[in-house]
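Going down the list, the sequences are from chains A and B.
Take the first sequence: its letters are residues 1 to 429, numbered as in my numbering.
Take the second sequence: its letters are residues 1 to 429, numbered as in my numbering.
Incorrect hints may have been included.
[Unchecked claim] A partial selection of chain B residues facing chain A, derived with a Cβ cut-off under 7 Å:
no.	residue
1	A233
2	A328
3	R342
[Unchecked claim] Restricting the straight-line Cα-Cα distance to at most 30 Å, the calculated cross-link-like pairs of lysine-lysine (BS3-like) are:
no.	chain 1	residue 1	chain 2	residue 2
4	B	K57	B	K15
5	B	K165	A	K181
6	A	K181	A	K289
7	B	K315	B	K165
8	B	K140	A	K165
9	B	K57	A	K165
10	A	K165	A	K181
11	B	K15	B	K140
12	A	K315	A	K140
[To be verified] Pairwise CB distance ranges (calculated):
no.	chain 1	residue 1	chain 2	residue 2	range
13	A	R193	B	G143	53 to 61 Å
14	A	R193	B	E164	51 to 59 Å
15	A	P203	B	D217	55 to 63 Å
No lab work stands behind these hints: they were computed from the structure.
Glycine included, each C-beta is placed from N, C-alpha and C at the ideal position.
Number of protein chains: 2
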Amino acid sequence: MSAQIETRAGYLPQKPETLAAYLSGVERVRNLLGGAPGQWNIAEVGDGNLNLVFIVKGPLGGVAVKQALPYVRLVGESWPLPLSRAHYEHMALSEQARLTGGLVPGILHYDEVQALIVMELLEPHIIMRRGMIAGTVYPKFAGDISTFMARTLFFTSDLALTAEKKKAMIGAFSGNTALCKITEDLIFTDPYRVAELNRWTSPQLDAYAARWREDGDLKVAVSRLKLKFLSSAEAMLHGDLHTGSVMLTPEDTRIIDPEFAFMGPMGFDVGAVVANFLLNYFSQDGHEKQAGDRDAYKDWVLATLEQIWTSFREKFLALWRDNPTGDAYPASLFQGAQGEARLEAERQAFMERLWTDTVGFAAAKMIRRILGLAHNIDLEWIEDKDRRASCEARALTLARDMMVNTASYSSIRAITDAARRVREEIKSY
Amino acid sequence: MSAQIETRAGYLPQKPETLAAYLSGVERVRNLLGGAPGQWNIAEVGDGNLNLVFIVKGPLGGVAVKQALPYVRLVGESWPLPLSRAHYEHMALSEQARLTGGLVPGILHYDEVQALIVMELLEPHIIMRRGMIAGTVYPKFAGDISTFMARTLFFTSDLALTAEKKKAMIGAFSGNTALCKITEDLIFTDPYRVAELNRWTSPQLDAYAARWREDGDLKVAVSRLKLKFLSSAEAMLHGDLHTGSVMLTPEDTRIIDPEFAFMGPMGFDVGAVVANFLLNYFSQDGHEKQAGDRDAYKDWVLATLEQIWTSFREKFLALWRDNPTGDAYPASLFQGAQGEARLEAERQAFMERLWTDTVGFAAAKMIRRILGLAHNIDLEWIEDKDRRASCEARALTLARDMMVNTASYSSIRAITDAARRVREEIKSY
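With these hints in hand, go ahead and build the complete structure from the sequences.
Structure, rendered in structure tokens:
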């Protein structure tokens with residue numbers, strides 16, 4: 001992180017007092033809100049780590065406004081972050097909208113200079129992580145997230161695109177280095193070394209953190225994953241696909257916040273979803289009010305996780321069978337019944353390789369939420385530190401094994417079985 | 001290939017009659033040539049497939065001038081090719097010069113609009129392929145090419161670069177799509193399907209070509225390599241590193257023509273060298289004037305091939321140990337004797353993975369030179385078609401096994417042993 005805060009001619013961070021005047025100049029937004037700017041109710045609600053977020057409501061309707069700051073909101077001006085992330089977010093959001101239709105918020109206005117995006121207001125949606133902490137069942141989620149991942153990953157890969165279009169996308173996203181570096185540092189590096197930003201439930205997990213920093217096999221495994229993250233441009237990733245990047249109701253799912261988007265390894269996105277479901281599963285013991293009152297929800301979490309991978313796999317394969325338009329595995333090489341059979345076997349092998357990547361990336365994302373800078377409220381909201389540490393110790397134990405013994409997790413069922421087993425076996429941190 | 005020939009304001013293809021006037025306007029070149037432009041001797045000598053090449057000699061010295069045409073020279077205007085390839089060649093050549101010093105020709109002048117590069121005239125260097133056909137020993141070559149590959153691949157990889165610099169290079173080369181597409185089509189696709197541009201020694205190899213088009217395992221294997229070529233941005237590749245891209249004397253080696261450069265998988269460059277040595281080895285039987293008069297040279301070819309990989313491996317590892325400056329495998333994760341030992345084991349494992357890629361890419365490059373569009377004079381110059389086809393059948397047989405049973409070639413020695421064995425076993429095509 002350099003100490004230089006970016007300046008940009010004309011850029012002004014909005015405040016609730018200035019935003020009405022700005023939005024009144026955008027006809028589409030003005031019409032949607034209705035009435036006069038003075039009637040609009042504006043609140044800054046950003047609870048994320050990086051940006052300003054406003055909710056604006058008028059007589060006719062509402063919008064959400066997201067504006068990048070030239071630094072990390074959570075930390076302040078000591079951690080500069082370029083405004084260009086709004087450019088990459090807008091580019092990814094547009095592509096995701098094209099590919100998945102209603103699974104992302106609608107874009108109403110984009111201002112490159114202001115690094116500002118006006119989007120459809122999602123109501124009464126809440127952040128999924130909060131819903132899962134409360135024990136809310138989302139029956140449509142597995143279907144929606146598997147569609148989102150299958151379509152965004154498949155259609156931006158070499159399986160669907162010509163090399164020319166794919167390379168153009170690689171070029172278009174290659175400047176999003178600052179956001180990628182956050183991932184490179186906070187996920188793949190810091191939790192495995194002494195780093196100022198690391199934190200964990202202390203003193204309970206001090207011995208775990210120390211062991212993680214001395215674990216050569218683990219550090220080699222996470223470094224291989226980092227190398228893959230740095231060098232494998234397989235598809236356009238959301239780049240931060242955890243349950244805090246999902247707003248939903250039981251009936252409607254929207255994926256938000258793709259500012260970490262870049263062309264990277266598919267398993268990174270899929271692994272993020274797997275990791276966050278496992279973290280939530282392990283956190284449920286900490287949210288019980290009476291022993292066993294979360295048992296049914298725990299089962300739903302793991303059953304949904306199984307369904308997410310299974311559906312993703314089926315949908316991705318179906319897209320590949322139906323759209324063999326990319327320069328990889330060209331259809332002309334696999335003609336006739338015999339060719340199709342051989343290609344189908346390779347499609348299955350491709351999904352196995354993607355699964356292996358998914359297991360490794362999921363493990364990395366679990367570990368960073370317990371030993372690194374940014375934690376999940378699934379675990380953070382468990383007030384009793386001993387109880388929280390026990391939940392976290394189970395997640396760490398499973399994650400380490402997933403990363404080092406990846407080959408022994410040959411199916412999603414192998415992971416959910418192991419999660420149940422670890423929960424039984426580890427009584428306390 | 002679109003049918004559109006690129007036009008560019010101000011661009012004019014040079015002729016021997018126009019070039020003196022152009023060069024007289026470039027002070028550095030004018031001084032180097034000496035005398036008056038009327039005294040300069042200019043000849044067009046391009047025997048490559050794509051570009052114009054002139055040799056210019058004046059009273060004091062000489063230069064080589066390379067200019068891109070907006071189409072493939074070998075084929076004509078029916079196959080357009082963008083002038084931007086000179087831009088990528090110049091960028092790669094500059095980077096290679098910085099990294100390897102004297103192992104590329106010196107750049108004297110670059111004109112982006114004219115897609116024209118003026119370089120040091122290499123005398124009395126010849127194209128290596130011609131020297132190897134003539135049976136010339138190059139004692140310095142293994143040392144030089146291993147240095148070239150180790151330094152260009154290591155220093156442009158995530159092992160040496162920060163992610164930010166690496167992504168900038170990915171962006172800078174992402175536009176070289178037309179040249180990459182030639183590789184994608186001619187190496188990874190056409191030899192395995194009916195394609196107008198394919199040719200082979202016929203009718204002798206007709207059955208081989210037909211078998212190759214029906215071989216499901218082979219087509220899956222080459223498609224996996226193609227996917228890696230499309231999606232693995234490991235390092236800056238030369239992109240066309242065969243023995244026709246080397247000009248040398250027994251004392252001095254220069255690598256030329258990096259217009260196919262892009263950020264791709266390291267094994268593609270290393271495999272190109274391996275493939276061209278194996279093709280030359282198999283061609284030697286066709287160049288014998290008396291039985292056995294090439295035996296010593298064959299031994300030199302295989303011994304040199306072994307030395308190329310062995311030296312490359314050692315040099316790459318040494319660079320990694322001495323320059324742990326990249327964002328991959330960060331030094332901070334592998335401190336102390338134990339950390340260093342664990343990282344060293346991983347470095348060895350990394351080289352094994354790179355070797356596996358090398359074997360596959362080498363096989364692909366052998367097959368394309370026998371069943372695809374562009375052949376090597378090593379084999380083409382064997383006038384007796386039966387004799388040539390027998391040499392080619394041996395190369396094809398080894399290449400198929402290398403691509404499908406890659407794991408059984410665990411060392412360079414395994415390949416040279418197999419090459420000798422195949423030569424003994426296959427008496428005729």
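To see whether the hints hold, each was checked on the structure:
At its closest, the beta carbon of A233/B sits 5 Å from a beta carbon of chain A; the interface hint therefore holds under the 7 Å criterion. Satisfaction of the interface hint for A328/B is found here, the shortest Cβ-Cβ separation to chain A being roughly 5 Å, below the 7 Å cut-off. Interface hint at R342/B: satisfied, since its Cβ lies 4 Å from the closest Cβ of chain A, which is below the 7 Å cut-off. Between the alpha carbons of K57/B and K15/B the distance comes to roughly 15 Å, so the proposed pair stays at or under 30 Å and holds.
Between K165/B and K181/A the alpha-carbon distance is near 12 Å, which keeps this suggested pair within the 30 Å criterion. For the proposed pair K181/A and K289/A, the alpha carbon gap of about 40 Å is over 30 Å, so the pair is violated. For the proposed pair K315/B and K165/B, the alpha carbon gap of about 23 Å is at most 30 Å, so the pair holds. Proposed proximity of K140/B and K165/A is contradicted: the alpha carbons are some 42 Å apart, above 30 Å.
Under the criterion of a C-alpha separation no larger than 30 Å, the hint pairing K57/B with K165/A is inconsistent with the structure, at around 44 Å. The straight-line distance between the Cα atoms of K165/A and K181/A is roughly 25 Å, inside the 30 Å bound, and the hint therefore holds. Distance check on the hinted pair: K15/B and K140/B sit about 36 Å apart at the alpha-carbon level, beyond 30 Å; violated. This hinted pair checks out: K315/A and K140/A have alpha carbons roughly 15 Å apart, not beyond 30 Å.
Separated by about 38 Å at the C-beta atoms, R193/A and G143/B break the suggested range of 53 to 61 Å. In this structure, R193/A and E164/B break the distance hint of 51 to 59 Å, their C-beta atoms being roughly 20 Å apart. Separation of P203/A from D217/B is about 57 Å and conforms to the stated range, judged on CB atoms against 55 to 63 Å.
The structure fails hints 6, 8, 9, 11, 13 and 14 (numbered hints given earlier, in ascending order).
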